[in-house]
Amino acid sequence: MSALPELQAALGGGLRGNEGPGLWALFSEPQAVAERRFAAYRRNVTGNWRSALASTYPVLAQLLGAQRFRELADQYIATYPSGSGDLNAYGGELASLLDASTLREALPYLPDIARLEWALLQAYGAADAADFDLAALAGVPAEAQAALRLHVWPAALLIASPWPLADIWQAHQLATNERDVALAGIDTAPSSEPRFALVGRSEGSVFAVSLNAGEAAFLHALQAAQPLAEAIATALAADNHFNPGATLQRLIALHTLTGFQENKNE
Amino acid sequence: MLSLSPSTTLPLAAGIGLRAPHHAQVLAGRPAVAWWEVHSENFFTAGGAPLAFLQAIREAYPVSLHGVGLSLGAVDMLFEAHLEKLAALVERIQPAAVSEHLCWSSAGAQHFNDLLPLPYTEAAIQQASARISRVQDRLQRQILVENVSSYLTFADSTMCEWDFLVAVAARSGCGILLDINNIYVSASNHGFAAKTYIDAIPAALVGEMHLAGFDHCDDFLIDTHGQPVHAPVWDLYAYALERLGPKPTLIEWDADIPSLAVLQGEAAKADRQLQRVEAGHVRAA
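Chains A and B are the protein sequences, given in the same order.
The first sequence begins at 1075 in the numbering used here and counts up one residue at a time.
The second sequence begins at 106 in the numbering used here and counts up one residue at a time.
If you are wondering where the hints come from, they were derived from the structure by calculation, not from laboratory data.
Please note that a few of the clues may not be correct.
Label pairs and their calculated CB-CB ranges [what the hints assert, rightly or not]:
1. A/ALA1299 with B/PRO116: 47 to 57 Å
2. B/LEU132 with A/SER1170: 34 to 44 Å
3. B/VAL367 with A/GLN1105: 52 to 62 Å
4. A/ALA1210 with B/ARG276: 51 to 61 Å
5. A/PRO1215 with B/ARG239: 28 to 38 Å
6. A/LEU1248 with B/ARG276: 21 to 31 Å
7. A/PRO1104 with B/GLY278: 31 to 41 Å
8. B/ASP304 with A/GLN1105: 27 to 37 Å
9. B/GLN231 with A/ALA1099: 39 to 49 Å
10. A/ALA1174 with B/ALA125: 26 to 36 Å
11. A/GLY1259 with B/SER364: 32 to 42 Å
12. A/THR1250 with B/PRO307: 53 to 63 Å
13. A/VAL1214 with B/ILE362: 46 to 56 Å
Every residue, glycine too, gets a C-beta built ideally from N, C-alpha and C.
Model the full structure from these sequences, guided by the hints.
What follows is the structure, given as structure tokens:
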């Protein structure tokens, strides 16, 4: 006789490959039968986790190939237990696992691609936001514009990396032959200056696009709640070719800016 | 509580489990399907395409929310956070039915994301009933609880599965979602008579039935939901309808998902059986 918590802990250990000495005595079936049938549960559980990782990290799976991705998934499963009854929440630590993995030697941008794909999943289900009201912006008097605070969609994520993550991700959205052509045109050597990928969502579809240094500095300043004039100055300091009007249009078109607030006290 | 009829507003017809490969087709074509059931967890987002899709479906069809992750028979701490997400979804979708599985899926702080069988003991009845009551209090509605299939039984069990299921429903006031395929699979795996199981279920407790396909694995059956409903399961379904009366019935298919037309064909088969039994019940009355 074992209490429910002990029984479940013993089975849980067995499902994760840590069979305690008393496991087989829990079942009515003879051990040989129980071992085969318990293996079916273990296959289900492992299969569900592998599928969840493959679904969240399709570009990593393409980059690594089926066999190496499977090995990575199994290493993840052995290292990180699931913490939610929602399988969509499984896999958020894969970038950390890759940070310490020898897989980086051949493909050094793998951890950053993992960060990008996890951010895409978060953006996919993030709360909806209003469309930017351009007419309302046009109605703001010129003298009040400098103090405007523009609102950035909370799930928009700016990732800085030595590699062109957004270009790599976009190439992997293409069919196989086009993908190979697109990838051949991408310089994957790490750059000394960081490159920026913006993850967001537009009309329900998630995207990753490259931002230049000025655009990224501007967006980063807005995320830090800098008023418009200050954010423009920050962007110009990062890139003296920064174009405020074109950047505003681009970020609004990408649904990355959702609104603004006039600061009447300044 | 046994006299209460399960409080679903599902139509007395066959519905289909709605899965991602068919989302776009269903949204665009609004095919003739009586109702849809979705896995609640796939819509636990704060916003975005999944929720927008489900809201659009809900405007055109009755929707049943079927959970796979509440882990009703577990003793861990992951339950309340999951319940809050379910409550938000129920509030948003106002579904025709809410259901979960009579199983456990988690221990300690770890989740196994699978529907694992419970030992059939008084302690497990208490644990599951307490959680089901908590869910019903939080959602302010009755839920249906589904019998899962199993490949193993526990030495600790002191009663048979059907007595366990009925006891949990009686104690918690929940309804039963009777999965006919799971009864068939478990009966085959454990050597009991499937009809004995169905005979033991009070008709008034059953709010919904499930039908699906299984696969053979060595010398036992697994409910893979990757096949048409097997002939002996259709026979058992006919027996259950005769015994329990017509109930809203779902066609489930989760692996190697076929075209929607195939699923509609399976639903039409279930509808023919439902109509036959309904006509018989009307004559009898």
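A quick look at each hint next to the structure:
Between A/ALA1299 and B/PRO116 the beta carbon distance is about 52 Å. The supplied range of 47 to 57 Å therefore holds. The hinted window of 34 to 44 Å between B/LEU132 and A/SER1170 holds, with their beta carbons roughly 37 Å apart. The given range of 52 to 62 Å is broken by B/VAL367 and A/GLN1105, whose C-beta atoms sit roughly 41 Å from each other. The supplied range of 51 to 61 Å is met by A/ALA1210 and B/ARG276, whose beta-carbon atoms lie about 57 Å from each other.
A hinted range of 28 to 38 Å for the beta carbons of A/PRO1215 and B/ARG239 is inconsistent with their spacing of about 56 Å. A hinted range of 21 to 31 Å for the beta carbons of A/LEU1248 and B/ARG276 is inconsistent with their spacing of about 56 Å. About 39 Å separates the C-beta atoms of A/PRO1104 and B/GLY278, a value consistent with the hinted range of 31 to 41 Å. Under the hint 27 to 37 Å, the C-beta atoms of B/ASP304 and A/GLN1105, about 33 Å apart, fit the expected range.
Hint check: B/GLN231 to A/ALA1099, Cβ distance near 23 Å, so the stated range 39 to 49 Å is violated. Checked against the hint of 26 to 36 Å, the C-beta distance between A/ALA1174 and B/ALA125 comes to roughly 33 Å, which is consistent with it. A beta carbon spacing of about 38 Å between A/GLY1259 and B/SER364 agrees with the range 32 to 42 Å that was offered as a hint. At roughly 57 Å, the beta-carbon separation of A/THR1250 and B/PRO307 lies within the given 53 to 63 Å, and the hint holds.
Between A/VAL1214 and B/ILE362 the beta carbons are some 51 Å apart, a value that agrees with the proposed interval 46 to 56 Å.
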